[in-house]
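*Asks:* Please construct the entire structure, taking both the sequences and the accompanying hints into account.
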Amino acid sequence: MTHIHPFRLFVFLLLCCTRVITFAQSDSYQTIPESLRGYWQYKTENVSDWNGPLIGENFVEALYTVFQVEQMEKKTDGSYLFHLRNQNGNKMDFRFTPISEDSAIIFYQGWKEPKHCVRKQIPDHTEMLTPTTLPDIIYKKWVEGLSGNVIYEFTRDGKFIYDGKTWDIVSAGHFLNKEYRLLAKNGERYKLLYLSFPFPNSMKVAAELQNETVFPIATSRPEVYTITGCWVNQATGEWTIGFFENFAVYQCRFWDYESIQIKKDETVVKLKNNTTRLTLSLKHKNRASCNIAFGKDNPQKYILCNGKHLPDYPLTDTTPFIDNGYRTDSATLTGYLRNLPSSRPFDVSIPDMITGKEEKYQTDIDSLGRFTLRFPVLNSHNVFIDWGRTTIWSAVEPGETYFLYVDYAQQQKLFMGKKARVLNELLSHEGLRESLDYNEEQKRSNLECLHKTQERLHRQLEFRKKTLQEHPLLSDKYRYYTEQELRYDAASTLMQRRFSVDRNKQEHLEDEFMNYIDSAFYPHPVHPYTLLRGYNSFMRDYIGYIDDTTPSSNSLTLTPQNMERLYFAFEAEGKVRLSEEEKNALRSFSKYQEEIEKLQIAKADSATIKAYTKEQETVIKPQIEIIEQLIARDGLLNEYMTGQMYVNAINNSMAIIDSLQMDKDLREILKTKCYYEMLQYTHKELPDSLISKFKKEVTNPSLQSYVLVQQQKYDKVSHKTIEHPESLMPNAPLEGITDGEQLFRKIIEPYKGKVIYLDIWGTWCGPCKDMMQYAGNIKNLFAGKEVVFLYLCNHSTDKSWKNIIKEYSLTSKSSVHYNLPDKQQSAIEKYLGVHSFPTYMLIDKEGNIVNRKAPRPTMENQLLNAVYKELEK
Numbered sequence: 001m002t003h004i005h006p007f008r009l010f011v012f013l014l015l016c017c018t019r020v021i022t023f024a025q026s027d028s029y030q031t032i033p034e035s036l037r038g039y040w041q042y043k044t045e046n047v048s049d050w051n052g053p054l055i056g057e058n059f060v061e062a063l064y065t066v067f068q069v070e071q072m073e074k075k076t077d078g079s080y081l082f083h084l085r086n087q088n089g090n091k092m093d094f095r096f097t098p099i100s101e102d103s104a105i106i107f108y109q110g111w112k113e114p115k116h117c118v119r120k121q122i123p124d125h126t127e128m129l130t131p132t133t134l135p136d137i138i139y140k141k142w143v144e145g146l147s148g149n150v151i152y153e154f155t156r157d158g159k160f161i162y163d164g165k166t167w168d169i170v171s172a173g174h175f176l177n178k179e180y181r182l183l184a185k186n187g188e189r190y191k192l193l194y195l196s197f198p199f200p201n202s203m204k205v206a207a208e209l210q211n212e213t214v215f216p217i218a219t220s221r222p223e224v225y226t227i228t229g230c231w232v233n234q235a236t237g238e239w240t241i242g243f244f245e246n247f248a249v250y251q252c253r254f255w256d257y258e259s260i261q262i263k264k265d266e267t268v269v270k271l272k273n274n275t276t277r278l279t280l281s282l283k284h285k286n287r288a289s290c291n292i293a294f295g296k297d298n299p300q301k302y303i304l305c306n307g308k309h310l311p312d313y314p315l316t317d318t319t320p321f322i323d324n325g326y327r328t329d330s331a332t333l334t335g336y337l338r339n340l341p342s343s344r345p346f347d348v349s350i351p352d353m354i355t356g357k358e359e360k361y362q363t364d365i366d367s368l369g370r371f372t373l374r375f376p377v378l379n380s381h382n383v384f385i386d387w388g389r390t391t392i393w394s395a396v397e398p399g400e401t402y403f404l405y406v407d408y409a410q411q412q413k414l415f416m417g418k419k420a421r422v423l424n425e426l427l428s429h430e431g432l433r434e435s436l437d438y439n440e441e442q443k444r445s446n447l448e449c450l451h452k453t454q455e456r457l458h459r460q461l462e463f464r465k466k467t468l469q470e471h472p473l474l475s476d477k478y479r480y481y482t483e484q485e486l487r488y489d490a491a492s493t494l495m496q497r498r499f500s501v502d503r504n505k506q507e508h509l510e511d512e513f514m515n516y517i518d519s520a521f522y523p524h525p526v527h528p529y530t531l532l533r534g535y536n537s538f539m540r541d542y543i544g545y546i547d548d549t550t551p552s553s554n555s556l557t558l559t560p561q562n563m564e565r566l567y568f569a570f571e572a573e574g575k576v577r578l579s580e581e582e583k584n585a586l587r588s589f590s591k592y593q594e595e596i597e598k599l600q601i602a603k604a605d606s607a608t609i610k611a612y613t614k615e616q617e618t619v620i621k622p623q624i625e626i627i628e629q630l631i632a633r634d635g636l637l638n639e640y641m642t643g644q645m646y647v648n649a650i651n652n653s654m655a656i657i658d659s660l661q662m663d664k665d666l667r668e669i670l671k672t673k674c675y676y677e678m679l680q681y682t683h684k685e686l687p688d689s690l691i692s693k694f695k696k697e698v699t700n701p702s703l704q705s706y707v708l709v710q711q712q713k714y715d716k717v718s719h720k721t722i723e724h725p726e727s728l729m730p731n732a733p734l735e736g737i738t739d740g741e742q743l744f745r746k747i748i749e750p751y752k753g754k755v756i757y758l759d760i761w762g763t764w765c766g767p768c769k770d771m772m773q774y775a776g777n778i779k780n781l782f783a784g785k786e787v788v789f790l791y792l793c794n795h796s797t798d799k800s801w802k803n804i805i806k807e808y809s810l811t812s813k814s815s816v817h818y819n820l821p822d823k824q825q826s827a828i829e830k831y832l833g834v835h836s837f838p839t840y841m842l843i844d845k846e847g848n849i850v851n852r853k854a855p856r857p858t859m860e861n862q863l864l865n866a867v868y869k870e871l872e873k
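The sequence shown runs 1 to 873 under the working numbering.
Hints are computed from structural coordinates only; laboratory data are not their basis.
Using N, Cα and C, we set each Cβ at its ideal position, and we do this for glycine too.
There's no promise every hint is true.
[Said to hold, decoys possible] Here are the simulated lysine to any residue pairs, SDA-like style, with alpha carbons at most 20 Å apart:
no., residue 1, residue 2
1, 695, 710
2, 74, 89
3, 185, 37
4, 754, 817
5, 204, 176
6, 301, 284
[Stated by the list, open to error] Beta-carbon label-pair distances, calculated as ranges:
no., residue 1, residue 2, range
7, 177, 357, 37 to 43 Å
8, 287, 170, 52 to 58 Å
9, 503, 661, 55 to 61 Å
10, 277, 524, 47 to 53 Å
11, 715, 503, 30 to 36 Å
12, 430, 200, 24 to 30 Å
*Replies:* See the structure below:
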């Protein structure tokens, strides 16, 4: 039920009333003629919007609120003017003009124009129920929060008790399968209730423009309400224990109630957790404070936390974040989510400095809203907790256990745990957030962006300074984390400007820009380095910028002599079998180049060299054609050259990292990241020589495991058998075809009469590979249908191509894969107008391209509609 906008409109209407009519308040109301009563409805744009009044015995509904009729006047034109008043004393005039038995014009005071209505026997989108056949979930005593105060009690005789009065349910309906609408009567007064169940174990009640969430009373142990709530140790400021209807929370664990004994001013609670028992004594001063003794410990004073977050801690805390030297450990988060708005699994995302991704870990939530999640951390770590639902950005420390309590109805969020203080402080004292307009930032020059970012950082730091002055006991962790967060949010924003310079033109960021970066940010890193995602982003782009602007030695020159040497080495290793014709061609081409070099050494003039080249043209040209066919046949040379480029790229990155001032930990982290990214880029194992080099440069076992685990993974993938090998199409039938359109038509010819979903991708393309994980779901959508999945791979080695196909299980009876030579693939892409990767296209049964920007695999509904549209033609 959409209440927000109608409620606002109603308040506006009341404010707009220009005519004030006074009537003596009375407990008796005017009776409305039977001919006017009923559900009167008009058309609305949204089915859940208020669409007209219910007119009853002595009331008229206006925007979900009952207005009793104080006076009623019948006019000479046949219309009725009602003077209305609701239970809050708000007054309103309502005019009703009958047109026919079931048709009328209605007009509320404050409306711009009247509306035409028709009478309905049953309201639209409503299943009518009897007052005694409501669902079982409603027939309970409902209490307010953890207070134990009964607000509503529904009984099976068609009644409910509210505010000490018994109301008869006159009518009931189930609207849009999402809420129950009740009309109730007490004496001459009527009341409308709207009941919904957005959270498990709770009920939302909307009535008289008010919403409240209520909970079923703890019938098995009602005495628990003497102690329910989250109790905070007044001396330490820590949330120590929480009592809820079905369990207690202590030391970040769930405890069952064995017994609760209430004496005059003392409550004795016995708890159990597996075989562990605990007895507590609570001596109450009032509902908001008490003295609690745990076991034989001396009692201490506790206060009830009723706010959204914990109050400020009363003691100083100068402990820093743990730095464990970057050894993989874990953190544990246990929690209770009250009034849970959705049942999806609970998750925690870790921005990983090595992988460059936010690694997500998740767990199911039980029927009471409880969960436990243990996840790996490399050190003290930035975490994103249950983003999109709970949405907490914080930091955890290795080896620690935390407990999270969230009440979504009350918007309360609390952490429990030995190291939970900074998490609570970050919840309680948020910094000044200023979002940047991406389009506006793109229009600014680098120096304009620098100055705007400096101004923003200054404002944020001043706001933080004021917060610290107002809350002087905030911990050193809070102080450090919030300062570094602001600094590296600014730093990461600035280093994104690396993409504003053209590396091909050897452009650089301005000196003023980089001088600020090099003085304000780079020399003062956050510790540990994993503590903030902003620092990770900054270092990624900082190293990337240096790499972009440093002359690269990544280019490779392959001479005919080297080619001859390599192919004979390949043959010796059993990788290829050369024919005599191929061997002669390699030797001839090598000798030809040697003669050219001799002439150059002898300082022969250009005319002499040109004459020799012309003389040898008819001899050497057929040999070159043989060599080109050899290169295209097995891809060995391309594989080798690509590998050498990777080696050079690694060496360049290592040289840049070694040239910068940093400690051993950061150096090893950045080097691990380079090797890991190379594995992810190629999707195949690195040469043994590179792995040996990596082990010498990175000695931290936890960092080593990032690369070595991936190396083992791709080694295993390389030896994996391809399922449905017929999906991998040979290039031989297409040999000699150079025209892009002709190639494309030849490829799709066998699939005429079927819809083709075309994916143009590359093994080097990160977004392409990200989409591959959804390929299986898409194929399942069209299982048994006349749909073909055609993959054309761009500029990729044969091994990487096959490895990714195996890794993501991309073969099937309906899949077709090509890895064409570069010239042929380029010709097809030119014909199709491909400018980015991945590119998806849809081809109809006749072979026509009907959508050059087809939905991606993640867009299931759009893709489903687009494909079925073609299937049904």
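*Asks:* Of the numbered hints stated earlier in the document, which are not met by this structure?
*Replies:* Of the numbered hints given earlier, those the structure breaks are 2, 8 and 9, listed in rising order.
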